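Chemist: Each chain, letter by letter, is given below.
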Amino acid sequence: MVSKDCVAMILAGGQGSRLGALTKNVAKPAVPFGGKYRIIDFPLSNCVHSGIDTVGVLTQYQPLELNTYIGNGNPWDLDRSHGGAYVLPPYQSAKAGEWYKGTANAIYQNLSFLDGFNPNHVIILSGDHIYKMNYREMLKAHKASGAAATIAVMPVPWEEASRFGIMNVDEEGTIVEFEEKPANPKSNLASMGIYIFDYKALKRYLEDDERDPESDNDFGKNIIPTMLGNGEKMMSYKFEGYWKDVGTIQSLWEANMDLIDNPPKFDINDRQWPIYSRNMALAPHYVGKNAKIVNSTVTEGCSIYGEVNHSVIFGAVDVGEGSVVRDSVIMPGAKIGDNVTIEKCVIGADAVIESGAKVGVTETEDNKYASKYCTHGIVLVEGGATVLANSDIPKGSMIEQE
Amino acid sequence: MKTNTMGVILTSEDKIPPITDIRANAALPIAGRYRIIDFAVSNMANAGVTNIGVVTESNYSSLMDHIKSGKPWDLDRKNGGLNVLPPSLEQMSLGSIKGNIDMLAGIRDYLKRSPQTYVILSLGNMVYNIDFNDVVDKHVGSQSDVTVVYKNIKGAEDEELSRFTLLDFDADGKVSDIEVQPYYPKTTNASMELYVMEKALLESIIDECSARGDRDFVKDALVKKMLGLRIYGYEYKGYMDKIDSMKSYYRNNMKFLDKEIREELFNRNNPIYTKTKDQSPTKYGEEAVVENSFVSDGCTIDGTVINCVLARGVVVKKGATVKNSIIMQDSVIDVDVDLDHVVFDKEVYVTKGRKLIGQESYPLAISKGTRI
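Note that the protein sequences, when read in sequence, are chains A and B. Going by my numbering, the first sequence opens with residue -12, and the numbers climb by one from there. Going by my numbering, the second sequence opens with residue 21, and the numbers climb by one from there.
Heads up, some of the hints might be wrong.
[Unchecked claim] Not everything, but these chain B residues come out facing chain A in the computed CB check (under 10 Å):
| # | residue |
| --- | --- |
| 1 | Arg271 |
| 2 | Met274 |
| 3 | Phe286 |
| 4 | Phe314 |
| 5 | Gly318 |
| 6 | Arg332 |
| 7 | Tyr369 |
These are computed hints drawn from the structure, not numbers from a lab. From a predicted model like this one, the values you see are computed outputs, not experimental measurements. Every residue, glycine too, gets a C-beta built ideally from N, C-alpha and C.
Using the sequences and the hints, build the whole thing.
Modeler: Here is the structure:
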């Protein structure tokens, strides 16, 4: 078999527990984003545009929807005869069988998959970030430097640096120190969780790490520090574009809002770098006679009869007459009745908001629906849940399915 | 599922200048993101037909580009699948393709090696959403040799009726008369140019007709054989129309603004598939005003759009007004442009401040790539 120059492994097993009811039944990478995408579309599309045609997607938590979504990889042009997209769940073997214990262990358990392609390099990606990045450029830099590993970093505001894994680098960009969430950061270059490894070095370190019973089997906590400690050449690769970890309801909401700013903070209408997704085969959207849509995105299959203001509307959503949707994210198939007011909400897929309801409008001290996940007054309605007619759901609520 | 039935779609010869100058009629964009042929192919695919041949005329490159592997219809199969069958160059250069029998004769080999027993033959450019399962079941369960699908368009004016092949039936429902686009229509039963028969019968009709120099499947084969063949009708009651003129092209696009028709043609149980383009959702700006319109993905709208059908990637800039119009893919309407009753082919660019006004009875049609 012909060897691959670079194989990608996307870590997509995380629950994303801070997304509350949104990830009750689906893994975080399968969460809808940006009107017609899911989070995993971003790393998958980046791979295929970067010329990486072999991608393993490591799933674990609630994998069913993600597995079906990825299927044979065709929407991303990853249905290949040699290579393509592979869903890699944990499996049983003759000797043992266990869950993925950590990010490094997940890759360790799939070393035989990687051996099958005998790659020169492996790029490790995370399935929960929103960004457009040409991995080929990073790979080029990695090869030129001859490093054992190259880690993508981006400058973050100094005041936020202590929330990230921070890389301290010299003038050439060589990593001299790695600090996980430092109290007094020496640099503002945060790791983006994107690593390119020389495959032979990676394999050796993963096998060593597996033998260490004390290890958390994690890239950030174990593999990277050990490699640095052993004096391996580790390079940083600086990325300057838009990148967002959508780990919380608030950051997910905000990242959606970033698409509809004028000009958008993040441009998904980029013909040079389109984001691919599995298509729902829906008709164009219909805008009714009394409808009003401003500063928003709307996609196929929607029927909009009311007002949509500064919102992201996913496919097959109905917004009834006299309804107002403001500063909100409405996920696929949600049905919004007539005379509904929705403000600063994330409405899950196929949720039903019956006529006359008010969601996210009123403010109360004593809110029985309040949730620690719903910060900044955002309301989350779980996919498939129903908000009854004329009910009043206060700001900061999380409405779950019964 | 009709695995025992194959589909044969002939692209019709109706020309609608200027929008058919560069493409076959069947490849005409309609309802924003579709092509006319999507209705026939999707309906067949939804009935479980897995072997479909699309027989083309000369202008087939856009049709081939649209169909490619057949993936959107789930018809990229090892056996059968969706096949574009271009005319033989030899036949074309001799000028010997003069009717649909000649086109069918060109695919004899394909018909012969297809293992199915029945065939659905589509000759027209129609918009409909039909359950072919039921049509084939009725055909198989009946004594008929050929089943022709029709719709009774009661109340239609003569001028409208004259666009169709009209059928008359005897007391048993057997077709007793067929008139192709008669000037004085005698009945209101409009043929949808969809026929179901045994494949072997179609093969023998093709053979007999071409041996005798006959050119037309309806006029020569069905009309002349009416006495010998048992031709029965299947009445379709949903929405249908034929796209054979700019007027009907315009009107049928506008029909998608009607909720009932839209929901009938695009229903979840019988979806219409098309090639996907992976465009981002449509973006509405600060000053966008949109009313009663059908909008595809990838558009950027900052102006006013009223009673329109917009295809993918259309740009309407600030201060521009577009009314009662059909705008195909990637056209750009610049600042302060005023448009009413226009049909734009793909990639038309209207520069700042221009005004173009057509009429409902005569929409102003602009060819692909024109810069105004």
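Chemist: Going back to the hint list, which numbers does this structure go against?
Modeler: Failing hints, ascending: 1, 2 and 7.
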